[in-house]
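Each chain, written out:
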Amino acid sequence: MNVRSLPVEQLVEMSAAGDRRATGRLLTIVERGGPDADHITELTHAFSSRARVVGITGAPGAGKSTLVARLIAGLVADGEHPAVLAVDPSSPLTGGAILGDRVRMSEVESVAFIRSVATRGHAGGLALAIPGGTRVLAAAGFDPIVIETVGVGQVEVDITAAADTTVVVVTPGMGDAVQANKAGLLEVADVFVVNKADRPGADDTRRDLELMLELSHVTGQEDATYRPPIMMTNSLDGSGVGAVAAAISAHRLHLVESGMLADRHERRARFEVATRIQARLDITVQEALAGDDSMSLIRAVAAGQVAPTTAALSIFPFSPVL
Amino acid sequence: MSDRHIRVVLAKLGLDGHDRGIKVVARILRDAGMEVIYLGLRQTTDSIVAAAEQEDADVIGLSMHNAGHLTLGPAMLAALREAELDVPVVIGGIVPDADIDELLASGVAAVLGPGAPADEVVTTVRRVVQGE
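Chains A and B, in that order, are what the protein sequence lines are.
Numbering-wise (the numbering used here), the first sequence opens with residue 1 and increments by one.
Numbering-wise (the numbering used here), the second sequence opens with residue 1001 and increments by one.
To list a few chain A residues with every Cβ distance to chain B over 10 angstroms, as calculated:
| # | residue |
| --- | --- |
| 1 | Glu9 |
| 2 | Thr171 |
| 3 | Ser239 |
| 4 | Arg299 |
Which residues of chain A face chain B? A few of them, derived with a C-beta cut under 7 angstroms, are:
| # | residue |
| --- | --- |
| 5 | Gly96 |
| 6 | Ile98 |
| 7 | Val103 |
| 8 | Ser110 |
| 9 | Ile114 |
| 10 | Ser116 |
What the hints contain is simulated information worked out from the structure, not anything from laboratory work.
All residues carry an ideal CB built from backbone N, CA and C; glycine is no exception.
Make the full structure from the sequences, and use the hints.
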């Protein structure tokens, strides 16, 4: 039987009954976007906040995939049914991608569900594909769902930050305390992992992160009830990985006990709804720009005859900020 | 359709450490705009079936340099039938001319030899996917 010819209602039923071909197919449709993807979202929306969602992010080569494979193996041993969405970049030139995360996950790929996701080009595509894919996996009975990204670019940071628990993986030699204090990825961490902790400089990296967290206290950014732990790991030999799993569970418990879990779910929902609205606005903006009047205004801006502020207001006369 | 990315699962099946060719093919297909799910060395028919299901692969590419193609090629097809998975298989690598007909007769969709230029690799994969 070729699942590709089946309607999405039937695929959702088969997926819930454990047919992995159907789950794989649904993820493809969700990733592609469009009316069928929206239909799947309507059929599975009750699962929006059902599964635990863990984001794991860090620079390429930090050891995320190997760490994820270890965490997944531990979850399976505990009787859980985990799934992974492993995001890798598409080429901006050709749209192609080499998705290599499964290479590190070969030991768990028959017991867990692992899906490689290319970032693809279009704005908002990934930002909708990930929550959509998370729901498909939750509706298929998977929990927790791990989202692995390289954390480059705002969309990827947003996606990871929209997880219930965000793990940021760093390695020795990533830079000094000044780098750690630059705004960005590190601010969204609920759990820090210093991977390759057997390498020289691991303790320096730990100290820099500690200092950064201390400064959060000085500036009042700190959450008085929770401080992100810094875990030292070697994901190749597995040392420290059990402690990371425990830290993720502890953060989960903190969210539940403090009532902050609902906040995280709302943050995720807001992000997804906002992305959908933005996608529609984008189309409206492109349409507004396509007219002849707009073209002549744009040429006038390029020639230095009209200010871009004037042209923008004239083409698209909304000024909600002013 | 511009959003229609062909998804290719690429693997070395069995005991075979020669992964230079498969890496070249991965790059060729990526640069042709395809999404290559690279499994790498020492895969089993089961691990490839699992990947093809989860990744919703349009085509499976096997790189063979261990003279096992006449055994492992049909074994791969049998595993896919067993899983009721309708995905074409392309074999590349070192396959003697005399074995090509037997592989095609067993159900392998195409065989690409060592001299195959990049555009032949791309057009073969596209043809196999469209002819599914």
